[in-house]
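Q: Chains as they are written, first to last, in our numbering: chain A, 1 to 516; chain B, 1 to 334.
Hints in this document: simulated from the structure, not taken from any laboratory.
Hints are all accurate, no fakes.
Quick list of the computed label-pair ranges, beta carbon to beta carbon:
| # | chain 1 | residue 1 | chain 2 | residue 2 | range |
| --- | --- | --- | --- | --- | --- |
| 1 | A | P95 | B | P124 | 15 to 23 Å |
| 2 | B | F13 | A | S279 | 55 to 63 Å |
| 3 | B | A188 | A | A225 | 58 to 66 Å |
| 4 | B | L112 | A | S370 | 17 to 25 Å |
| 5 | B | I21 | A | H133 | 54 to 62 Å |
| 6 | A | E127 | B | I21 | 53 to 61 Å |
| 7 | A | L114 | B | F39 | 52 to 60 Å |
| 8 | A | L79 | B | I21 | 36 to 44 Å |
| 9 | A | L79 | B | V305 | 45 to 53 Å |
| 10 | A | S370 | B | A175 | 28 to 36 Å |
| 11 | B | F13 | A | R386 | 26 to 34 Å |
| 12 | B | W142 | A | T383 | 53 to 61 Å |
| 13 | B | V305 | A | A92 | 40 to 48 Å |
Only pairs whose alpha carbons sit at most 20 Å apart, straight line, appear in this in silico SDA-like list of lysine to any residue:
| # | chain 1 | residue 1 | chain 2 | residue 2 |
| --- | --- | --- | --- | --- |
| 14 | B | K221 | A | E330 |
| 15 | A | K364 | B | R195 |
| 16 | B | K222 | A | A333 |
| 17 | B | K221 | A | R326 |
| 18 | B | K222 | A | R326 |
| 19 | B | K221 | A | L309 |
| 20 | A | K365 | B | A219 |
| 21 | B | K276 | A | E400 |
| 22 | A | K365 | B | Y223 |
| 23 | B | K221 | A | A333 |
| 24 | A | K376 | B | F193 |
| 25 | A | K430 | B | T211 |
| 26 | B | K222 | A | P310 |
| 27 | A | K376 | B | R195 |
| 28 | A | K345 | B | A219 |
| 29 | A | K376 | B | Y196 |
| 30 | B | K222 | A | L371 |
| 31 | A | K365 | B | Y196 |
| 32 | B | K276 | A | E396 |
| 33 | A | K364 | B | F193 |
| 34 | B | K222 | A | L309 |
| 35 | A | K345 | B | D68 |
For every residue, glycine included, the Cβ atom is placed at its ideal position computed from N, Cα and C.
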Amino acid sequence: MESCLLEARDISVAFPGVRALDHVDFRLSAGEIHALAGANGAGKSTLMKVLAGTNPGYRGEVRLDGRTVELRTPAAAQLAGIHLVCQEVDQALAPALSAAENMLLDDLGKPGGLWVNWRSVYRQAEELKQRLHMDFDVRAPVSRLTLAQKQMVLIARALRSRCRILLLDEPTAPLSAAETETLFALCRDLVRERRLAIVFISHRLPEILEICGSCTVLRNGKLAANIAITPRTTADELVTHMLGTAAADVHRRRSVPAGGALLSARGLSSRDGSVRDVSLTVGPGEIVGLAGLVGAGKSELCKALFGILPRAAGEILLEGRPVNPRSPAEGAALGMGLVPEERRKEGLFPGESVAFHLGIASLKKWSRLSLLSRRKLDANARTQIRRLGIRAPSPEQRMELLSGGNQQKAVLGKWLSAGCRLYLLDEPMKGVDVGAKAELLEVIAALAEAGCGVLYASAEPGELLRAADRIYVLYGGTVAAELAAAHTSEEEIMYYAVGGTGPFPPAREREREAQP
Amino acid sequence: MKQIRIRPKNAGFWTDWAAVIALAAAAAVFALLRGGSFFSAANAVNILRSMSITTIFAVGATLTMAPDGFDMSACSLATVSSFLFASLFLWFGLPLWLSAVLTVALTMGLYLLTMFLILVCRIPDMLATCALMFVYQGLGLWWTGGGAVSAGMPTPWGTAPVRGSWTEASLAIGAAPWCILIMLACVAFAFVFLRYTRHGRCLYAMGSNQTAAAYSGIAVKKYRFLAGMLTAVMIAVGAIVVCSRNSAAQISGCDSYLMPSLAAVFVGRSVGGAEKPNALGTLVGAALVAVLENGLTQMGVVYYVLPAVKGGVLALALVAAYGPRRWAGHMTKR
Numbered sequence: 001m002e003s004c005l006l007e008a009r010d011i012s013v014a015f016p017g018v019r020a021l022d023h024v025d026f027r028l029s030a031g032e033i034h035a036l037a038g039a040n041g042a043g044k045s046t047l048m049k050v051l052a053g054t055n056p057g058y059r060g061e062v063r064l065d066g067r068t069v070e071l072r073t074p075a076a077a078q079l080a081g082i083h084l085v086c087q088e089v090d091q092a093l094a095p096a097l098s099a100a101e102n103m104l105l106d107d108l109g110k111p112g113g114l115w116v117n118w119r120s121v122y123r124q125a126e127e128l129k130q131r132l133h134m135d136f137d138v139r140a141p142v143s144r145l146t147l148a149q150k151q152m153v154l155i156a157r158a159l160r161s162r163c164r165i166l167l168l169d170e171p172t173a174p175l176s177a178a179e180t181e182t183l184f185a186l187c188r189d190l191v192r193e194r195r196l197a198i199v200f201i202s203h204r205l206p207e208i209l210e211i212c213g214s215c216t217v218l219r220n221g222k223l224a225a226n227i228a229i230t231p232r233t234t235a236d237e238l239v240t241h242m243l244g245t246a247a248a249d250v251h252r253r254r255s256v257p258a259g260g261a262l263l264s265a266r267g268l269s270s271r272d273g274s275v276r277d278v279s280l281t282v283g284p285g286e287i288v289g290l291a292g293l294v295g296a297g298k299s300e301l302c303k304a305l306f307g308i309l310p311r312a313a314g315e316i317l318l319e320g321r322p323v324n325p326r327s328p329a330e331g332a333a334l335g336m337g338l339v340p341e342e343r344r345k346e347g348l349f350p351g352e353s354v355a356f357h358l359g360i361a362s363l364k365k366w367s368r369l370s371l372l373s374r375r376k377l378d379a380n381a382r383t384q385i386r387r388l389g390i391r392a393p394s395p396e397q398r399m400e401l402l403s404g405g406n407q408q409k410a411v412l413g414k415w416l417s418a419g420c421r422l423y424l425l426d427e428p429m430k431g432v433d434v435g436a437k438a439e440l441l442e443v444i445a446a447l448a449e450a451g452c453g454v455l456y457a458s459a460e461p462g463e464l465l466r467a468a469d470r471i472y473v474l475y476g477g478t479v480a481a482e483l484a485a486a487h488t489s490e491e492e493i494m495y496y497a498v499g500g501t502g503p504f505p506p507a508r509e510r511e512r513e514a515q516p
Numbered sequence: 001m002k003q004i005r006i007r008p009k010n011a012g013f014w015t016d017w018a019a020v021i022a023l024a025a026a027a028a029v030f031a032l033l034r035g036g037s038f039f040s041a042a043n044a045v046n047i048l049r050s051m052s053i054t055t056i057f058a059v060g061a062t063l064t065m066a067p068d069g070f071d072m073s074a075c076s077l078a079t080v081s082s083f084l085f086a087s088l089f090l091w092f093g094l095p096l097w098l099s100a101v102l103t104v105a106l107t108m109g110l111y112l113l114t115m116f117l118i119l120v121c122r123i124p125d126m127l128a129t130c131a132l133m134f135v136y137q138g139l140g141l142w143w144t145g146g147g148a149v150s151a152g153m154p155t156p157w158g159t160a161p162v163r164g165s166w167t168e169a170s171l172a173i174g175a176a177p178w179c180i181l182i183m184l185a186c187v188a189f190a191f192v193f194l195r196y197t198r199h200g201r202c203l204y205a206m207g208s209n210q211t212a213a214a215y216s217g218i219a220v221k222k223y224r225f226l227a228g229m230l231t232a233v234m235i236a237v238g239a240i241v242v243c244s245r246n247s248a249a250q251i252s253g254c255d256s257y258l259m260p261s262l263a264a265v266f267v268g269r270s271v272g273g274a275e276k277p278n279a280l281g282t283l284v285g286a287a288l289v290a291v292l293e294n295g296l297t298q299m300g301v302v303y304y305v306l307p308a309v310k311g312g313v314l315a316l317a318l319v320a321a322y323g324p325r326r327w328a329g330h331m332t333k334r
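So that you can see chain B by itself, here it is in the shape it has in the complex (with noise of 0.2 Å):
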């Protein structure tokens, strides 16, 4: 058959590396109008630092939404798992390594709930977790007694807390090179999953065409329960690192890392071409409004106009990607 390119050879290069060649702009920018104080190892550490707790939902988000899922709640539960993890340790004094398995394991039983008005009652991922948001909202405050959970308060029902203050351990969990050690770990295991397993490729499969994933015999409520209970796993992780950095549990410490998270998940999409959520295009994604942030405050842009400088330049990575992708697919598409 003879191959025949209409496209020119570098139009699929460009939009399938937009988020990429921006990541790295916005760096070489930054370098040249700050120079050492931008470009400098510590101030890596500094950038790796500050996403990754956004990469870490953001990976959560894309585990969902490679078998086509959403979820709008899963920070609103991350808050309650920090609560969850602050109490566990602080009010009843419980070791870190069983505070966080056990924050784990009760945010999975938690998004049971999730996974029960999705797959049981069959309402659209949208809507389910659209009011999933505001039950866990009211779910955390319930548990905490209406407060945040920090060092040395009392607990709900007046007694004394068990632990006074927060340990040096469950401290650098959220500090330098640990929270960028869990960012990677969490990254690198949904890489693989998705990628190189035969669960990973069902996932995508169902993101592709449900019909046809469930008609190719893919069990598909299970792929997607599998899905929701690995997007847990990493709400309650996050969670444990927003808890240690805060020193606290604090209400409505975990929501505004939402649209971060989903945003990074979008402009990761055509990362490689992939034309999916993937891992590694999420961290691309995470980076980039990482460095937005971090350079921008350096270069004096103040902290009222910043949204909207990394908003136009997400919108602009976005139109990048997506823009020119659709105008091929008017030639492609028989």
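Chain A extracted, bound-state conformation (with noise of 0.2 Å):
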């Protein structure tokens, strides 16, 4: 057994209406990569923060190396040799300057001599590069970099000072598969080599399973369970514990209701080239599931058919009658609702209540002669809430308060207010926990037994096939395939969305499943 390198014991910390850590326990050991798992709005970025020291006002003991340290500012963190590689990583990056200088950024803003020795900050940038095993022009700005290679700019800088925790908040959510297993094959590395405890989070528990040799598990702000991960280890188990009881298997098995198409579009092509061509419908009742990899052109399609997006050719039809919105103004007027991918970008105003969102689709609903009813804004508030499943105190909860799950059931139950005919949603459940993805998905089942149509697009095929009745596949922004869902696989989906064409599967699996 290795011996602790880091003990935070009864670390409870509490933010207005919300108690977000709950006496937790955590342990971390020399040489290891421990996992942190946990629904979403369960605490693991908070617990993260305490240990980066951004979080002072938490209460109880932390303990590195048996003595007790107190957490209470980043650079006492950082002194302590904790580093937080944090899930936004354009805020930690200064992005005019070049990746060697922000590789150097904690020792650019020490006090010490007046002048920069350039060829020394350039040297030491390339040293770090090459231990790293990363490949890009440490002189170009850090804005031009990509996702991936900004976090390992991150993690060069946590290396460069004595960094003997690594704190991983989501690193994988923004990376491709080959993207990934560089950032794993790192990890591996940097405990092996340097006895580096990395502390890791991530909502996708197959790579949990891969890479983690523990898992500390919270659940609602409490600590859940603490497990040792072995080849036998199953997610299952994983989400039982963060669940608290067994994941219910909501799988889909109604019959669509025949009849004509709710929205049908036809040649549909964007200005800029995002979309090119897509002809299709929903008809009412019925989830069409978007399918495809991330920059297949889904968000952009979706903010096609809002009036977002100006479009170049093509015609949409709602209820047969053949539209233009022309902004999303129009799009809202016509009876379509759009929840957008990023919501805390696109979707939520800050310092604004729960009620507020709720009623701000349609305002016109809730006033008279242009005043505002304020109890009838509250009691439609009170409606929805009730309706979603929405966790708040009350309706005049700030939103920013919330957890994920619960700002995005808001953001679904501003269009529910205003009774579209018509959802388009973005990857709904980015950012949402297990408990609350369940409930949403009972949400927009009951919309489409409501008679209305649904334009659900994701890039994850496991969930669009719980999801949907019939799902499109996009390949570079345009249809590649239409799929039922209920004779389909997610090996098909995948194998659409990569580009593949012809019949699935292909003609040299078939072939080898041919031959003996």
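Using the hints, build the complex out of the two chains.
A: Set out below in structure tokens:
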């Protein structure tokens, strides 16, 4: 058994109205990759922030090598050798400076000589680059690097100073499969050669099982489990700990009512070329999946339909009537509702209440002669909160204090209040925890039952198989395949999403299967 | 769900009401030191009269800043409006009401230029209005032939003005009861409009997150235009009051109101925990400036030190309103 490097005991953190961490214990040994799992709002990021010193209001004790340390400022945490690579890497980087300067940013900020020795800066950066097997120009401004490379720059910065514990907050979320592999290889190297302890947060359980040696599971701010990961550990086991109950199996088994198309698009192309010649239909009461990799044009297609992205060609028919939304306001007036992918940037009003969010898309309904009726707004908010199962102490609760899943429910709720006919959901499960996912899925299914049309875009085929009746696979902005959800598989969706042509399974595999 | 407060119960109270407390404290100090000469009905009217113009312009700025807009050129445009009002009334001898209505309409017309640069050319508000500040200055002087417009002066084309002097009614606009009533009407309108109508809510949604507002189906350009037009009305009203009080439309006559009016909006932002430009807060902010000016003058503070003292107290009010919030923000952000 490894000696205990870091031990956090009885950590509690409270925010107004929410107890984010409730007497949590956390142990970390040198030379291990330790997973931190839990649904959204379980307190993972909060615990990370405590360790990184950005949450000075915590109660409890943190011991490093058996000695108590006070992690009340980021500087104190870094002095103790704890470095955080946060989820949004851009927050921690100076975009106009070069990669080399960003790597050495901690040094450049220190009091010292007046002059910058550029030769030494670039030499040190090159050395770091070699050590991390990175491949890019350290003199290029960091804003030109890819997300994966930016992450590497941050890891390099952490390693520059005496780093003993590396906290990675959802590092793989924006990465491709190949980039994830590179990151994992680096993590294994660091743990083996430098005896680092790495804390790894991810929503993707297979990744945790692949790379981590042990796992701490949080649930509602409390410690749910502390388990060692063996080759026999399964994702189901982790999910059980995360939810407290076994994951409910929510497969859709229902027939789609026949009828004319609610939405039909013909030969749709966007002016910027990200959507090219797309034709699709959504029937009333139908959930239509939109599959494809990141960048395949799913978001762009949703935005083109809603009137955000200018269209160059093609026509849109709603209930058989040609329409031409040229702005989101016109799209909304036609009875469409978009749940955008980037919730924080495109969906939330910081500082405003849940009731504000739920009413904002249908203010006409809640006002007379332009005067708002507070009573009607409040009644609407209460109805939607109950209908969607939003966990908020009151309709007046400020939105940013809710967890990602509850925020997403409210963003969907604003269109429910408006009573849309067609819902465009762009990655609705992004940043939503497992429990809330199931509830959202039920709401979406109920919308379809009520006769609304749903276009559901997601990069995860498994999600679409559970939710959708029919699936269009996008590749490079065009429809590569149209599949019935009941008669397809994740493999088939992925095959078309990565650019496969011709029938599935591909000819080569069929031959191999035929050969004994 | 468990409800826990981490901030001491009154921390929010102090930041939310910092401007009001500063106002009350300043009034109390002056009342103690100067007694009846400060704390009297006559002086209250004095203060209200002196703050009325700043407040009207500040209400205009509030309406523009609610949807996260900004207007640097407001008071330069007001100078143009005052030229228009004076020339319509004196040179062309139009009746008072018609001069006022035409001034409002023409100011709205001129404001289309601002809206054109912001909404059609998509120049950021700050830059567009910065350039327009000079454009409006030039336009105004071109209209008057390079001078002020006052009673008894010939028109730029050499004829005698139709009306030789200001009438009693036209001078009453800028004097005690009327200018105060006009100010209160402007504040009341902005208060109801921003707080109790769906249009106001849309403007605040835009101020909170422009993209999210647009994606919620709010016609953001229309609403920015609406906010601009209402601001133009406030600018024209303010200009008419200035013109009446000075009994002339002076060169750069309104320009000096820009900074005090913006200060009033900023001080008022946090009043009552609103965290956004709001009408009542703006009124409090303008009142704070006026009370300080009035009290300090009575205290015998010489006029050339006055701006420094005034600015210092304003800065303190801002520190109280914004400083602690930043600290607390550290805790509440997740």
